Amino acid sequence: MTLLSQDPTASSAKPRGLDAERAASRRKRNRAATLASIGFIAPLVLYLVIFYAFPLVQNVVMSLQRYDRSSFVYGGAPFVGLDIYREVIASSKFWPTVAQTATFTLVSITVQYCVGLALAVFFKSNFRLSSTLRALFLVPWLLPLIVSGTTWQWMMSADNGVLNSFLGFFGVDPVWWLSADNALWAVLIANIWLGIPFNLVILYSGLQNIPESLYEAAALDGAGPWRKFLNITLPSLRPVTVITLLLGLVYTLKVVDVIWIMTMGTGNSQTLATWSYGMAFGKGTSAVVRYSEASAVGSILLVVALAFGLLYIATQRKEKD
Amino acid sequence: MSHLNKRRAVQISALVTSVAFVLAACTSNTDEAPAASGAASQGTTTATIKFWDPYTPYQAGSDWDNQLKSCAPEGSTIERFSAPQTDLLNQLTSAVKEGNAPDIIALDNPLMPEAASSGLLATAAQAGIDVSGFDANLQAPGVVDGEAYGVPMGSNALGLYYNEDVLTAAGVDVSTIGDWASLNAAIEKVVASGSKGITFSGIAGEEGVFQFEPWFWGAGASLADISSADAVSAGQLLSDWVANGWAPKSAMANNQSASWDLFLTGEYGFAEDGSWRAGSAAANEGFQVGMIPIPAKDSGVAPVPTGGEFLAAPLQSTDASDHYANASAVISCLMSGDNAGVTSESVGYLSARPDVRAVQVASNPIWTPWVPIIEGAQGRTTDLGVDYVGVSAQLSEAMQGALNADGNADQVKAAFENASGL
Amino acid sequence: MRHSWWKTAAGLALTTIMLFPVYWMINVSFTRRESIRKGQLLPFDFTTEHYLVVFHDQVPFVATSVAVGLGTVLLTLLIAAPAGFALAKLPLPGGHALSLVLIVAQMIPAVVMALGFYTIYNRIGLLNTIPGLILADSTIAVPFAVMLFTAFMRGIPSEMMDAAKLDRASYWRTFRSVVLPLSRNVSITAALFSFLWAWSDFLFASTLNREGGQLRPITMGIYNYIGAQNQEWGPMMATAVIASIPSALLLIVAQKYVAAGVTAGAVKD
Numbered sequence: 001m002t003l004l005s006q007d008p009t010a011s012s013a014k015p016r017g018l019d020a021e022r023a024a025s026r027r028k029r030n031r032a033a034t035l036a037s038i039g040f041i042a043p044l045v046l047y048l049v050i051f052y053a054f055p056l057v058q059n060v061v062m063s064l065q066r067y068d069r070s071s072f073v074y075g076g077a078p079f080v081g082l083d084i085y086r087e088v089i090a091s092s093k094f095w096p097t098v099a100q101t102a103t104f105t106l107v108s109i110t111v112q113y114c115v116g117l118a119l120a121v122f123f124k125s126n127f128r129l130s131s132t133l134r135a136l137f138l139v140p141w142l143l144p145l146i147v148s149g150t151t152w153q154w155m156m157s158a159d160n161g162v163l164n165s166f167l168g169f170f171g172v173d174p175v176w177w178l179s180a181d182n183a184l185w186a187v188l189i190a191n192i193w194l195g196i197p198f199n200l201v202i203l204y205s206g207l208q209n210i211p212e213s214l215y216e217a218a219a220l221d222g223a224g225p226w227r228k229f230l231n232i233t234l235p236s237l238r239p240v241t242v243i244t245l246l247l248g249l250v251y252t253l254k255v256v257d258v259i260w261i262m263t264m265g266t267g268n269s270q271t272l273a274t275w276s277y278g279m280a281f282g283k284g285t286s287a288v289v290r291y292s293e294a295s296a297v298g299s300i301l302l303v304v305a306l307a308f309g310l311l312y313i314a315t316q317r318k319e320k321d
Numbered sequence: 001m002s003h004l005n006k007r008r009a010v011q012i013s014a015l016v017t018s019v020a021f022v023l024a025a026c027t028s029n030t031d032e033a034p035a036a037s038g039a040a041s042q043g044t045t046t047a048t049i050k051f052w053d054p055y056t057p058y059q060a061g062s063d064w065d066n067q068l069k070s071c072a073p074e075g076s077t078i079e080r081f082s083a084p085q086t087d088l089l090n091q092l093t094s095a096v097k098e099g100n101a102p103d104i105i106a107l108d109n110p111l112m113p114e115a116a117s118s119g120l121l122a123t124a125a126q127a128g129i130d131v132s133g134f135d136a137n138l139q140a141p142g143v144v145d146g147e148a149y150g151v152p153m154g155s156n157a158l159g160l161y162y163n164e165d166v167l168t169a170a171g172v173d174v175s176t177i178g179d180w181a182s183l184n185a186a187i188e189k190v191v192a193s194g195s196k197g198i199t200f201s202g203i204a205g206e207e208g209v210f211q212f213e214p215w216f217w218g219a220g221a222s223l224a225d226i227s228s229a230d231a232v233s234a235g236q237l238l239s240d241w242v243a244n245g246w247a248p249k250s251a252m253a254n255n256q257s258a259s260w261d262l263f264l265t266g267e268y269g270f271a272e273d274g275s276w277r278a279g280s281a282a283a284n285e286g287f288q289v290g291m292i293p294i295p296a297k298d299s300g301v302a303p304v305p306t307g308g309e310f311l312a313a314p315l316q317s318t319d320a321s322d323h324y325a326n327a328s329a330v331i332s333c334l335m336s337g338d339n340a341g342v343t344s345e346s347v348g349y350l351s352a353r354p355d356v357r358a359v360q361v362a363s364n365p366i367w368t369p370w371v372p373i374i375e376g377a378q379g380r381t382t383d384l385g386v387d388y389v390g391v392s393a394q395l396s397e398a399m400q401g402a403l404n405a406d407g408n409a410d411q412v413k414a415a416f417e418n419a420s421g422l
Numbered sequence: 001m002r003h004s005w006w007k008t009a010a011g012l013a014l015t016t017i018m019l020f021p022v023y024w025m026i027n028v029s030f031t032r033r034e035s036i037r038k039g040q041l042l043p044f045d046f047t048t049e050h051y052l053v054v055f056h057d058q059v060p061f062v063a064t065s066v067a068v069g070l071g072t073v074l075l076t077l078l079i080a081a082p083a084g085f086a087l088a089k090l091p092l093p094g095g096h097a098l099s100l101v102l103i104v105a106q107m108i109p110a111v112v113m114a115l116g117f118y119t120i121y122n123r124i125g126l127l128n129t130i131p132g133l134i135l136a137d138s139t140i141a142v143p144f145a146v147m148l149f150t151a152f153m154r155g156i157p158s159e160m161m162d163a164a165k166l167d168r169a170s171y172w173r174t175f176r177s178v179v180l181p182l183s184r185n186v187s188i189t190a191a192l193f194s195f196l197w198a199w200s201d202f203l204f205a206s207t208l209n210r211e212g213g214q215l216r217p218i219t220m221g222i223y224n225y226i227g228a229q230n231q232e233w234g235p236m237m238a239t240a241v242i243a244s245i246p247s248a249l250l251l252i253v254a255q256k257y258v259a260a261g262v263t264a265g266a267v268k269d
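Protein chains in written order, with this note's numbering: chain G, 1 to 321; chain C, 1 to 422; chain D, 1 to 269.
Keep in mind that the hints were calculated from the coordinates and are not lab data.
These figures come from a predicted structure and were not determined experimentally.
Check the hints yourself; a few may be wrong.
Stretch by stretch, here's where chain D covers chain C in the computed footprint (C-beta under 8 angstroms, at least three residues) [said to hold, decoys possible]:
no.	segment
1	53-66
2	115-123
3	250-264
Note that beta-carbon positions come from the ideal geometry of N, C-alpha and C, so glycine has one too.
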């Protein structure tokens with residue numbers, strides 16, 4: 001999916017010695033085209049400025065001033081520059097939380113992608129009921145998070161949860177899923193479950209667009225299913241893969257609800273997003289409302305996501321060259 | 001061409017960013033911030049009165065809803081909105097900031113000092129609220145810097161419910177439970193007879209701290225020093241329960257309702273829960289439920305935190321006097337004379353007025369065992385005021401650490417000493 | 001074809017595993033309150049009382065959710081389709097920057113946006129209204145929808161556009177008569193994503209429509225069952241089951257178009 005790389009107006013070189021008339025009319029058409037494009041894009045830009053830029057700027061500004069509940073209402077919060085950032089980064093919770101966020105995000109998107117791809121390949125061979133089953137795989141998406149989160153929390157209950165009963169069938173000792181040391185893995189499992197539908201949908205349609213002729217040609221060359229997968233499927237899916245992983249990264253970095261509902265971000269399930277959320281609203285063990293620190297952590301998250309976005313664009317540019 | 005695009009891109013980004021900054025600057029001016037002017041006596045009630053409370057399950061047709069609507073002044077209707085406790089305070093904050101606050105709010109009592117000192121509430125004098133006749137320990141959270149900000153609409157307390165059938169089968173006599181040692185012995189007997197021991201709520205946040213405080217204070221600890229040996233011993237008690245399998249491992253994630261759901265399965269001998277359950281506990285089908293006060297560590301009854309919400313008037317920016325007149329009318333209707341008892345009953349609380357409470361208890365024997373517990377209850381914010389919220393966060397962290405420690409004494413001690421808050 | 005039976009069996013097994021939590025939800029919704037925490041595999045203590053409660057309480061909320069969902073779809077398509085066309089086919093100054101902005105826009109935590117919206121809505125009086133909620137929910141889907149449309153429209157051969165230009169058609173005519181009909185699959189895909197995201201939104205609804213009475217979506221209706229000291233999980237699960245039915249039906253119907261639509265035109269030579 002070459003979303004960001006193509007320049008649609010790159011015209012092929014025309015021979016020199018054009019008529020001045022043709023040049024003039026081309027300039028007029030270009031101007032009309034530019035005006036039209038501005039007209040088409042204006043609603044989006046206005047929309048972006050009002051609804052995204054404004055809260056974003058507000059958020060960054062808030063992280064540069066020391067707010068408490070009173071100054072949030074009445075203003076007058078003192079400007080402290082980067083002090084809040086320094087305090088947050090110096091906090092004993094910062095680096096463990098960063099590590100947990102990295103683990104949570106990377107493991108989530110990797111497993112979601114692999115499982116999504118495996119399922120997409122599996123469903124591509126149209127067998128009986130495949131389209132119904134594929135639609136059913138999207139049902140987790142429809143459930144309110146409060147419900148999915150709570151259901152997973154109960155299923156993972158150390159005392160009588162169904163997950164431990166299931167493991168018991170295989171002789172595995174009951175695991176205390178939601179303890180401080182295991183909470184990260186518990187929320188990872190739930191988050192992966194939630195992310196599979198998205199990956200499945202996108203990768204499945206990516207697979208649909210690979211021409212059958214490529215596979216047939218490979219079959220003629222005597223390639224088995226695994227070779228076909230490695231040499232045709234994966235490379236053809238590269239643009240889709242990159243965008244799926246990037247979007248997966250962006251969405252996973254933001255995840256708060258499912259973690260909050262399952263563990264309230266206790267133990268090692270605390271990520272930058274849940275930490276920011278707890279501080280912004282005075283919930284959980286961050287009961288004191290810390291608007292500035294929450295905004296600072298939120299801004300750090302944005303910078304991380306932005307870094308990956310720029311990385312993506314850089315790779316796209318290099319590819320084009 | 002791409003160079004031109006890049007320059008254009010930078011220009012446009014700069015334009016967009018500056019527009020956003022202008023927007024941000026425009027909306028951060030505070031000409032809508034509420035002022036301390038206006039008084040109930042100078043205003044008249046309006047046609048629509050907005051009331052916010054945390055009683056989300058009490059929808060139209062419930063006792064509370066009917067009681068509230070019946071207190072609408074002549075020619076006015078009351079619009080009710082409900083949200084969970086912390087959400088309510090945050091939504092009040094943004095509402096006051098935008099000049100959009102409700103006329104009356106029912107706010108959890110430990111949040112009152114923070115709300116008042118952040119300038120979210122009007123004083124009781126301004127809002128025409130009568131603050132006389134309430135128990136001192138129950139009125140205390142609403143008094144900040146000597147100024148009263150609201151009235152307690154009722155009080156609840158924590159007690160130790162027990163499953164009579166399970167205890168009888170285990171051969172436990174509840175009258176012998178007077179301290180932690182005898183409680184532990186009783187739980188051990190219950191577990192030995194095949195049932196599960198005790199369920200409570202240890203969830204992160206104020207709710208878990210609320211349930212922890214009877215054990216904390218019962219051990220003699222004080223909120224001024226949460227790393228004292230007494231505090232650690234309270235944490236050790238809970239940690240040992242989990243380690244022995246006497247309390248569910250899910251306690252650290254259970255809120256009070258989830259904990260009660262476990263008790264309702266009939267598998268547990270004891271449940272720490274509140275007086276708001278008294279009615280449904282008495283009517284429980286399946287097994288008989290009794291209640292004893294939570295024992296202190298060495299002897300006697302553990303002090304429990306005062307529960308219940310305060311009725312207060314948020315600070316208003318426009319037409320303040322009219323809004324305060326609304327507050328005055330509704331609150332005095334809800335809290336005056338016998339109606340105060342009806343109000344408390346409708347949410348399952350005991351009245352904070354001793355005279356009204358006596359009438360309540362006389363007419364409903366369910367309340368009798370709760371009276372001494374409520375009268376001995378301690379305010380959470382009495383000593384710490386606004387600082388309570390921070391200490392509560394640290395205590396919550398310590399408690400979570402203790403519950404996760406699975407009985408390990410060093411870990412419990414470390415949890416209490418290192419609870420930092422940020 | 002002979003192999004398709006074991007594939008169907010495998011597919012059923014995988015679907016069962018994937019949907020087990022959903023089964024658990026249904027299980028709880030039919031269980032009496034006392035037994036909900038017992039962890040039983042089947043609803044032995046069966047009851048339909050939760051569903052009765054929900055039918056009584058939640059129907060207006062479902063109606064609001066449907067209205068908000070459909071409105072969000074409409075608004076998203078209205079903004080995203082022309083924008084995708086501009087990014088894909090028209091010479092646009094700053095097109096690359098805009099594409100980066102779209103990705104960054106999706107990174108902003110919803111919480112930050114909701115608070116920003118509250119301030120704006122309060123000034124212009126859009127609080128507690130359905131149009132206001134539609135506007136807010138569309139922000140969840142618009143950037144992604146624009147990316148979808150852009151990717152697809154880039155794949156439309158330039159010859160089709162040039163043919164229209166030869167006919168002296170304006171860009172608007174070209175867009176309406178040539179590009180849009182071709183984008184049917186992508187439109188349905190974008191519609192599906194935006195409907196689902198709007199349907200499951202809780203944050204915007206609770207910040208911006210809190211006092212809306214019955215003008216609140218089902219995600220907030222569920223919160224009536226979460227009180228300070230008491231949560232009713234049975235009715236909550238029952239609400240989730242009931243709320244999932246319209247969207248599940250929608251999914252099964254739209255699945256066919258979504259499969260074709262998401263990356264059509266993107267994976268080329």
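Going down the list of hints, with the structure as the test:
Given as covered by chain D, the segment 53-66 of chain C passes the check, having 6 residues with a CB less than 8 angstroms from a CB of that chain where 3 are the minimum. A stretch counts as covered by a chain when three or more of its residues have a beta carbon under 8 angstroms from one of that chain; for the segment 115-123 of chain C and chain D the count is 0, and the coverage is violated. Residues of the segment 250-264 of chain C with a Cβ under 8 angstroms from some Cβ of chain D number 8, which satisfies the need for three, so the listed coverage holds.
Against the hints set out earlier in the document, a violation occurs for number 2 only.
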